[in-house]
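Protein chains in written order, with my numbering: chain W, 16 to 212; chain B, 76 to 399; chain E, 32 to 222.
These are computed hints drawn from the structure, not numbers from a lab.
Keep in mind that a hint or two might mislead.
As the list claims (entries may be wrong) - Heads up, incomplete: computed chain B residues facing chain W, CB under 10 Å, no partners named:
1. Ser205
2. Leu211
3. Glu225
Unchecked claim - Okay, derived cross-link-like pairs now, DMTMM-like style, lysine to aspartate or glutamate, Cα gap no bigger than 20 Å in a straight line:
4. Lys116(E) with Glu142(E)
5. Lys106(B) with Glu57(E)
6. Lys175(E) with Glu60(E)
7. Lys115(E) with Glu92(E)
8. Lys175(E) with Asp160(E)
9. Lys175(W) with Asp368(B)
Remember, it's a predicted structure, so these values are computed and weren't measured experimentally.
Yeah, the Cβ is synthetic: ideal placement off N, Cα and C, and Gly gets one too.
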Amino acid sequence: MIEQIAFGLVAAVLIYSALRVVSDGNLVHTVLWLGVLLATTAAAYVLLGAPFLATIQLILYTGGALTLMLFGVMLTGRHAGVTVPNDSRPGGGALILAAGMFGVLAAAIMGTKGLPASPYVPVSTRALGASFLTEHLLAFEVLSILLLVAMVGAIVIARKSDPAPAAEDAPAANAGPVHAVAPPAPAPTHASNEVAS
Amino acid sequence: MNPWLHASLYAVVVVTVLMTCTAWATWIERKFAGRVQSRLGPTRVGFVGLLQPIADALKLLQKEDIVPAAADRILFNLAPPLTVALALATAAVIPFSPGLLASDLDVGVLYVLAVSGLMVFPVWIGAWASNNKYALLGAMRAVAQAISYEVPLLLATTIPILLADTMSVSGIVEYQRDHGWFIGRPFGIGLAAFAIFFVASMAENNRIPFDTPEAESELVSGPTTEYTGMKFGLFYMAEYVHSIVVAALGAALFFGGWDGPGAPGLHWMVLKTVVLWTITLGLRWTLLRFRTDQMMNLCWRFLVPASLVVLMAAALWVHLVEGA
Amino acid sequence: MSYVHTTLRALSLSVRNLFRTPTTVEYPEVRRVRAPRIRASFALVHDAEGDEACIGCLMCERICPSAVISIKQAVKRESPHTGKKRGYADDFTLDLQACIICELCVQVCPEDAIIMTREQEQPGYEREDLFLTMDKLYANEKNKSLSWGRGKMLMAMQDPARPLEGAAEAAPKVAPKAAAPTADAPPEKAP
Chain W
16 MIEQIAFGLV AAVLIYSALR VVSDGNLVHT VLWLGVLLAT TAAAYVLLGA PFLATIQLIL
76 YTGGALTLML FGVMLTGRHA GVTVPNDSRP GGGALILAAG MFGVLAAAIM GTKGLPASPY
136 VPVSTRALGA SFLTEHLLAF EVLSILLLVA MVGAIVIARK SDPAPAAEDA PAANAGPVHA
196 VAPPAPAPTH ASNEVAS
Chain B
76 MNPWLHASLY AVVVVTVLMT CTAWATWIER KFAGRVQSRL GPTRVGFVGL LQPIADALKL
136 LQKEDIVPAA ADRILFNLAP PLTVALALAT AAVIPFSPGL LASDLDVGVL YVLAVSGLMV
196 FPVWIGAWAS NNKYALLGAM RAVAQAISYE VPLLLATTIP ILLADTMSVS GIVEYQRDHG
256 WFIGRPFGIG LAAFAIFFVA SMAENNRIPF DTPEAESELV SGPTTEYTGM KFGLFYMAEY
316 VHSIVVAALG AALFFGGWDG PGAPGLHWMV LKTVVLWTIT LGLRWTLLRF RTDQMMNLCW
376 RFLVPASLVV LMAAALWVHL VEGA
Chain E
32 MSYVHTTLRA LSLSVRNLFR TPTTVEYPEV RRVRAPRIRA SFALVHDAEG DEACIGCLMC
92 ERICPSAVIS IKQAVKRESP HTGKKRGYAD DFTLDLQACI ICELCVQVCP EDAIIMTREQ
152 EQPGYEREDL FLTMDKLYAN EKNKSLSWGR GKMLMAMQDP ARPLEGAAEA APKVAPKAAA
212 PTADAPPEKA P
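So that you can see chain W by itself, here it is in the shape it has in the complex:
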């Protein structure tokens, strides 16, 4: 009985915050409603008997992904003051599409055989860790390498490119940086000549 009420509350908050995410007029509010959504998802995981997943959800999504999104919205949006206007709100077509998706997913879930009787199926963290390292080892390792690739790629993209000295690189291959470096060199001497005379 308590579980029903708890689930009802969690579901209500989830749906409301999801609706606010797509329809709020202020982008920062949108992202913060997303934070509420992710935190409530963690609560849903607790109700499903996966406390480990719930805490990981809090750390990674609410703590990590949300930070990224907040920074993104704040640093790249055009805004005056605290309101970042949200230009993309759902229109009629989006609503129809969403309703269609919902119908398809609901039909698929209802039609699946072999689902457990109650939603609460606790899985111990030990069993989870063991399965990562035995049954699903390949997927685990591939995901780790994927994350590593993503990190390295981000660092490479974000790093400023060094202006390489002309002697080291072949001029044909690195025409860009060399050209960027070469023209400014004569200009200061010109300027200083003019100033001196």
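Assemble chains B and E onto chain W, guided by the hints.
Chains B and E alone, transformed into the frame defined by chain W:
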């Protein structure tokens, strides 16, 4: 007893005791700071200034509550209580004595780290909602510091988990009661892990020397610039509550929590928490503030590799020595 | 590793300081000894015959760099003590808020009428309380300890041509250690 009633009762007790301790922790801090600086602390309000926290609370309550005109009112008002709520929520899994535990979560340690990692959000929200460039800058630095130091903090707290084979805090304390405290037992590993935990938690908590976000603009208090009166008091309280809870967590994870001969468990736990908290206090009133780049340097180029090495050493220990 | 070493040294200094007696002087229960010539507030004095020493010559009003003194000169009248006609000041006001405590008014006074006192305390809740009126200035003669420096003597000390006649009697009447003792702190180390 009905688990809901049990949980609510513990919630009320823990929150009340923790808030009272925090209020008088400010007294201890001011007296300690005074003595370290060759002066007396508060002396006027009550005997040796013991009523000073009450005077401070009254002072903050009667101040004018200013919300900037162009600020986002809802978020501005939401941020301080949210910070305090998150700080108090972390205290739910700390075992203060064998029977005194609000909630014996199986993933207790991870829960504390998750919730304290969330604490940086209301600070950011408050700074954004203030509509103040300098507050926002302070908040960016606070967020960068917090998320950077979460990495060595998580890695360092994984070591007691690894050694005790359980993520629940009371489980770790019981393991230490049976096998010896982690500060001494796997020789060097526990000590190194504690050192990393200590430094990283000071940085998470924005304590001096990791004070950059708060005093970055020197006298304009960083993310909480636009906050007055009790809202600022709530941010201040949240910082103190967090520092006490982190000291208690360190005592539980590395120093055996309520384990100790003779006296009842609660006394030992309080003693260990107070000792750890006083060490952070001593460091606070001794060291200078780090520059942002020095702080980032310390985290990414020293603490993260060190914590990885210690984690590997702990894993090797568990595998080879204990045959797990 | 030198960071750890220096941090530990700094911490040991803090801990040592923790157990030393603090240097705070708990004012106003404990007051520091003030130097004999400290300049804090003002007093108007009476001369040897018991008459008001101030003759209303306006020298102090003219020399004050901050123009804090206002004097209303009286018509010359007979003194009740000596019977001779002499000048008086009807009203004498000194604004302590703007005073820069330079002691020039004391130095130029030909009658040693105005003198500085060694205690400042004249607290009040309103600005008007910090205006030293004539009655307050004459009251200060009795209720505050007067400084050592008097007009004629100060001028004589600066000008070799003048006789140092008043110097002997005007030697420090206040012994430096006479006031309430402080907690083991030397008086010159002001925080």
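Structure-based check of all given hints:
{"no.": "1", "hint": "Ser205", "verdict": "holds (8 Å)"}
{"no.": "2", "hint": "Leu211", "verdict": "holds (8 Å)"}
{"no.": "3", "hint": "Glu225", "verdict": "holds (7 Å)"}
{"no.": "4", "hint": "Lys116(E) with Glu142(E)", "verdict": "holds (15 Å)"}
{"no.": "5", "hint": "Lys106(B) with Glu57(E)", "verdict": "holds (15 Å)"}
{"no.": "6", "hint": "Lys175(E) with Glu60(E)", "verdict": "holds (17 Å)"}
{"no.": "7", "hint": "Lys115(E) with Glu92(E)", "verdict": "violated (25 Å)"}
{"no.": "8", "hint": "Lys175(E) with Asp160(E)", "verdict": "holds (17 Å)"}
{"no.": "9", "hint": "Lys175(W) with Asp368(B)", "verdict": "holds (18 Å)"}
Consistency note: the structure conflicts with earlier hint 7 alone.
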